[in-house]
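Protein chains: 2
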Amino acid sequence: MPKILVTRHLGQQAMTVLENSGFELIVNPEDAAPSREWVLTNLSDPEVQAVCLMHSQPSDKVDEQLLNAANDNLRCVSTFSVGYDHINVKAANARGVKVGHTPGVLDDAVADVTVMLVLMTLRRVGESIELVRSGKWPQLPWAPFVNCGHSIGHPSLTIGFLGFGRISQAVVDRLLVFTNKTQRPRIIYNSSRRRDNQDEIDADFSKRYGVEVRRVEKDQLAAESDVLIVLCDLNPSTKDLVDKTFFGKMKQSAILVNVARGPIVNSDDLHDALTTGQIWGAGLDVLTGEPDIRADHPLLRVKNCVVIPHLGSADYDTRNKMAELCARNAIAAVNGDELLAEVKL
Amino acid sequence: MPKILVTRHLGQQAMTVLENSGFELIVNPEDAAPSREWVLTNLSDPEVQAVCLMHSQPSDKVDEQLLNAANDNLRCVSTFSVGYDHINVKAANARGVKVGHTPGVLDDAVADVTVMLVLMTLRRVGESIELVRSGKWPQLPWAPFVNCGHSIGHPSLTIGFLGFGRISQAVVDRLLVFTNKTQRPRIIYNSSRRRDNQDEIDADFSKRYGVEVRRVEKDQLAAESDVLIVLCDLNPSTKDLVDKTFFGKMKQSAILVNVARGPIVNSDDLHDALTTGQIWGAGLDVLTGEPDIRADHPLLRVKNCVVIPHLGSADYDTRNKMAELCARNAIAAVNGDELLAEVKL
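Listed in order, the protein sequences are those of chains U and Z. Under my numbering, the first residue of the first sequence carries the number -4, and numbering increases by one thereafter. Under my numbering, the first residue of the second sequence carries the number -4, and numbering increases by one thereafter.
Nothing false has been slipped in among the hints.
Which copy is meant is left open, so a pair is good if it fits within one copy or across any two.
Here are the simulated SDA-like pairs of lysine to any residue, each with C-alpha atoms no more than 25 Å apart in a straight line:
{"no.": "1", "residue 1": "Lys298", "residue 2": "Glu285"}
{"no.": "2", "residue 1": "Lys176", "residue 2": "Ser201"}
{"no.": "3", "residue 1": "Lys131", "residue 2": "His4"}
{"no.": "4", "residue 1": "Lys298", "residue 2": "Asp312"}
{"no.": "5", "residue 1": "Lys202", "residue 2": "Leu171"}
{"no.": "6", "residue 1": "Lys(-2)", "residue 2": "Asn63"}
{"no.": "7", "residue 1": "Lys131", "residue 2": "Asp291"}
{"no.": "8", "residue 1": "Lys202", "residue 2": "Ser186"}
{"no.": "9", "residue 1": "Lys56", "residue 2": "Glu25"}
Keep in mind the hints are simulated off the structure, nothing from the lab. Nothing here was measured: the structure is a model prediction, and the numbers come from that model.
Kindly produce the complete structure, drawing on both the sequences and the hints.
Written out as structure tokens, the structure is:
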């Protein structure tokens, strides 16, 4: 009887799907990350043909060690995440192990958080919450421009995206309703490479959104964006992509929102850019080194920076959909079917 | 030469409008609220025909005392706000003094903050910011449903409004792009009274938004809303309107967002509703007693409540528009013209 290893209880909805698959389940009984040893030992069970695992659990890192520990019948590593930077996909595939992930189902949830962070950062809400909490509201001088932020409805705003996949497009759908009705915004983006039919692609986007949409090179993206949203993959070419040089080209009135992966933005350089007024503010759902972010982290001491703990996909509906897709990828693999969503390099 | 009294510098854009009016200006020279005495003394100047004043400055309260101190030539009290609960409009009008305010120009800014607070409250962002700031991110157990909130894209969501004027309608414009694409949301609202042609009005709204929109009585609004947004005027009939009884009818999964005036929601009852799990969360841009809210205010110690310091209209573009409208109302009055926006009871 094939078995599916589950490193963390996936919620009732997805567990029911797994139970109904007819396969035997080995489920981490704790409501906590298992030990690395627990994962490796169970993976060596020759009947384990698929494993459902987590992005942010050190025990679940799919590296050479884990793949060497796994039995030869393992067909699938199914991660409960869209990102797969914790998985050595090439090494897995070389052993005939498919990698499943959960794209698509979290686009809306991440887009919601992105728009929220754009508004929070433009309006300096992190700073304001702290002001209220620390009892300084009574001392807040009232005046016409005290505590003011920038408006998302500012005329002719330029909204920039680093990465222009499904989530970025879902963000555009949402952001446009907030923007100026007469002097419309402009969307610029940078994607990994210019396509041969780039002009045609951009014309299609422009038509779909009713505003100018255009791919630009990184320097232009940095220089012209009023709101810069990071939504690209993390890979060697995007690590530290937003660094000192990049910030040096940005507008002083611009904001940065990172909802992708921490290391795409260099934390030290961001700190300098915020404290020297090189940019106006930042909103971060992700941060290099997370979750190991201590209270004395320099970016937590910067007023014009708001940090939330990787909440992008954190709503019940979305997590249930991710869990179910994670389960169905594993089941499909054991059945010898195509995965519903496979990482293909 | 008629004079216009200005109790607080209105920013360069509006001050230029005032300077170009040809009238003499008496401007509070301090970047702070003037004394009450300064306001009263200057108002007694027989050439002062209009005063531009502030909502949240105790010196500027337009009561019998202020009206008695004013000279007989005063034609207009022009407030830099849409709300006029600091002005005794009836008493002013009885003396032939018109009251100007700044509606319309802040609708978009307040609607932006409303949507932001809805998202923040559904996703428990206030609590998460505090978790990060206090250094607890490293201890946050990672699990599929830890730190999860509710989704604005939940199927068949019911969005309720207390008050359904221009700002509420601007909120609907924005919120609908976030909602479920197949199982569409429903909008219900309560307004002060049922109109004779209410069904027709609601049919028009439903057509405009492409979802069901319907006026309901308060009990139904409380019972059926998943997201309840307070956007009505503060007046004797709405003070404490959202109280223990109201909360008692709400869903345990519902959230409350108040972006109108603090006293519409009873703070003690809200505190009880949040701490006993009668409702799921609250997002407040306004709070009874503001700005005198100390760090030990009970609502600041409740995890599922996020409070921001009355930022609704606080963006530079909007404040400049409000200042200009405030200036133009005063100038119009001195010229003997209709105000651009007059409070009419």
